[in-house]
Amino acid sequence: MSRRRRARTGWLFASPALLTVAAVTVFPVLFSVLLSFADVRLEYGGFRILSLTGDHYAAVLSSPEWRQALAFTFGFTAVTVLLELVLGTAAALVLERLGAARGRVLAVLLLPWALINVVAAQLWGYLYNGTYGGLTWLCTEILGHQPDILGQPASAMAAMVVVDVWKTTPFVAIVVLAGLMLIPGDVYEAAEIDGAGTWTTFWKVTLPQLRPIMAIAVLFRILQAFGIFDLPFVLTQGGPGTATESLAILGYKTLFQNLAIGRGAAVATTTAAIVISCCLLFLRVFRAQADEGGRG
Amino acid sequence: MNRRAPASGIRRYVNAVNLGGLAIVVLSALPLYWMIVSSFKGPGEISADPPTPVPKAATLGNYAEAFVRNGIGRYLFNSVLVASVSTVAVLGLSFFAGYALARTPLRGRGALMTALLMLSVFPPIALVVPLFLLERQLGLLNSYAGLIVPYVALNLPFAIWIMRNYLVGVPRELEEAATVDGAGPLRTVPTVIAPLARPGLFTAGIFTFTATWSEFLLALTFNSEDGHRTVPVGIALFTSQYTVPYGTLFAGAVAATVPIGVLVMIFRRSIVSGMTSGAVKG
Numbered sequence: 020m021s022r023r024r025r026a027r028t029g030w031l032f033a034s035p036a037l038l039t040v041a042a043v044t045v046f047p048v049l050f051s052v053l054l055s056f057a058d059v060r061l062e063y064g065g066f067r068i069l070s071l072t073g074d075h076y077a078a079v080l081s082s083p084e085w086r087q088a089l090a091f092t093f094g095f096t097a098v099t100v101l102l103e104l105v106l107g108t109a110a111a112l113v114l115e116r117l118g119a120a121r122g123r124v125l126a127v128l129l130l131p132w133a134l135i136n137v138v139a140a141q142l143w144g145y146l147y148n149g150t151y152g153g154l155t156w157l158c159t160e161i162l163g164h165q166p167d168i169l170g171q172p173a174s175a176m177a178a179m180v181v182v183d184v185w186k187t188t189p190f191v192a193i194v195v196l197a198g199l200m201l202i203p204g205d206v207y208e209a210a211e212i213d214g215a216g217t218w219t220t221f222w223k224v225t226l227p228q229l230r231p232i233m234a235i236a237v238l239f240r241i242l243q244a245f246g247i248f249d250l251p252f253v254l255t256q257g258g259p260g261t262a263t264e265s266l267a268i269l270g271y272k273t274l275f276q277n278l279a280i281g282r283g284a285a286v287a288t289t290t291a292a293i294v295i296s297c298c299l300l301f302l303r304v305f306r307a308q309a310d311e312g313g314r315g
Numbered sequence: 425m426n427r428r429a430p431a432s433g434i435r436r437y438v439n440a441v442n443l444g445g446l447a448i449v450v451l452s453a454l455p456l457y458w459m460i461v462s463s464f465k466g467p468g469e470i471s472a473d474p475p476t477p478v479p480k481a482a483t484l485g486n487y488a489e490a491f492v493r494n495g496i497g498r499y500l501f502n503s504v505l506v507a508s509v510s511t512v513a514v515l516g517l518s519f520f521a522g523y524a525l526a527r528t529p530l531r532g533r534g535a536l537m538t539a540l541l542m543l544s545v546f547p548p549i550a551l552v553v554p555l556f557l558l559e560r561q562l563g564l565l566n567s568y569a570g571l572i573v574p575y576v577a578l579n580l581p582f583a584i585w586i587m588r589n590y591l592v593g594v595p596r597e598l599e600e601a602a603t604v605d606g607a608g609p610l611r612t613v614p615t616v617i618a619p620l621a622r623p624g625l626f627t628a629g630i631f632t633f634t635a636t637w638s639e640f641l642l643a644l645t646f647n648s649e650d651g652h653r654t655v656p657v658g659i660a661l662f663t664s665q666y667t668v669p670y671g672t673l674f675a676g677a678v679a680a681t682v683p684i685g686v687l688v689m690i691f692r693r694s695i696v697s698g699m700t701s702g703a704v705k706g
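Same order as they appear, the protein sequences are chains A and B.
Heads up, the first sequence is in the working numbering, so the first residue is 20 and it goes up one at a time.
Heads up, the second sequence is in the working numbering, so the first residue is 425 and it goes up one at a time.
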């Protein structure tokens with residue numbers, strides 16, 4: 020078959036998927052940018068753009084709510100992704116060495132990951148409940164006084180991190196496990212002949228080999244954590260006060276509670292812009308590092 | 425040589441790896457155990473202080489309440505329908521697109537892959553505003569199609585990415601043999617390549633199904649009317665009263681977790697193997 024015919028087959032096969040993605044993501048994003056400069060009125064069954072002279076960005080960027088949501092979202096993303104990377108790698112290393120029990124342990128580990136986010140949030144909400152929650156009871160036994168876990172800003176944030184880490188570490192673990200299984204055995208044999216101990220082997224052999232796949236896991240996690248919505252929506256409703264209000268929650272409230280379409284679009288567009296910038300920056304830094312290390 | 429003497433008895437099992445495995449099982453399963461146990465507790469016992477690790481008087485009342493009074497069956501039906509149709513559509517579209525990206529000389533393939541990677545976790549909040557207005561205009565709010573179309577599009581990029589990376593590793597010889605016999609790509613790709621790509625399809629399918637089964641933001645904003653509510657929305661709206669009816673809530677949650685739990689148990693090996701073959705070659 021000629022190259023040109025094969026290229027044509029390629030486009031034929033790829034275009035239905037690409038057109039679907041473009042129609043539901045690219046086009047709405049452009050529409051969202053348009054809306055962020057518009058004054059929109061909701062009407063029965065539809066909407067009308069009144070004018071395109073509005074600029075909601077200045078109002079959004081200078082508002083304390085937006086700054087607080089940005090700070091919370093950044094902090095939450097940094098802490099959870101770091102914890103999940105460390106714990107997920109540890110879990111993957113354990114799974115790789117488990118032998119016969121691996122399949123069963125893997126299945127149990129995957130259950131929290133497969134659980135509906137909203138269910139996880141409700142379940143932990145019950146465990147954190149101030150009067151009869153299992154974790155509150157446990158903390159009372161240990162501390163000697165009853166903590167108000169979801170009622171205090173600092174502990175509410177920590178509680179949210181715990182749920183996210185419990186729920187999402189399995190994702191990082193399976194990705195890293197897949198990476199571990201690709202490392203050829205002779206690399207380890209060479210390290211053993213050189214007399215490298217367990218720790219040296221891990222730092223000098225395993226970790227560098229895992230870098231590309233860890234980068235992918237971290238990228239996915241950063242993007243997901245940055246858009247966090249279900250967990251604060253159900254567990255704390257963004258509270259106490261606005262302590263656990265993420266950018267997605269702020270966008271939702273602006274849009275559906277205040278019905279400020281243009282302003283909501285500005286919050287959403289800003290969030291997307293930050294995520295995409297972080298993503299591009301990450302890929303750039305990572306590629307530069309990988310090239311420096313002599314690998315592609 | 426410092427070869428260790430074989431450990432005997434119980435010491436054979438007490439090592440860092442087995443303790444780690446035990447920790448994984450306990451930490452993952454304990455909250456789930458608590459949810460299952462609580463779903464069988466009566467109204468008094470669920471808020472008992474101190475909490476009881478095993479129900480003193482187990483009851484099925486919560487399940488009756490969840491299915492009869494709260495109509496969780498209807499939400500389950502909606503979720504199964506939306507998640508299954510979305511998954512089948514995603515698999516069909518991503519398989520052909522993945523094949524095209526893996527095997528045919530498309531121009532700008534690298535840029536396309538990077539763009540897909542970013543779109544795959546595009547923050548849904550950025551899409552909710554325009555999509556809500558569009559669906560409102562088109563009369564798609566509170567319909568199955570109004571959720572399925574965005575779910576397909578949002579899950580396609582990651583699925584294409586998995587499929588493409590998987591297909592890169594499938595040997596070309598079998599495909600070439602079929603081509604020599606005179607079959608065109610429209611014939612060979614579904615009949616010859618698809619069976620070879622099964623682990624990749626399983627992985628992409630599981631990721632899509634769990635993601636659509638769990639999706640909340642779009643389901644909440646687009647399909648909040650009772651007849652079209654999916655499970656996550658139904659369960660989140662349990663709390664709209666002053667006290668949370670945890671017993672009923674957990675009965676519903678257990679019912680919603682069983683299908684996905686069974687899928688994960690069945691396909692646990694392919695989840696990792698599908699990732700393994702594809703993960704790093706991207």
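No lab work stands behind these hints, which were simulated from the structure alone.
The structure displayed is predicted, hence computed values, not measured ones.
A portion of the hints provided could be inaccurate.
To be verified - Looking from chain A toward chain B, a few residues come up when the C-beta cut is under 10 Å (computed):
| # | residue |
| --- | --- |
| 1 | R86 |
| 2 | L89 |
| 3 | L101 |
| 4 | F245 |
As the list claims (entries may be wrong) - Residues of chain A placed beyond 10 Å of chain B at every Cβ, according to the derived structure:
| # | residue |
| --- | --- |
| 5 | V43 |
| 6 | D58 |
| 7 | L69 |
| 8 | P172 |
| 9 | P189 |
Idealized CB from N, CA, C, for every residue including glycine.
For this structure, which hints from the list above don't hold up?
1, 2, 3, 5, 9
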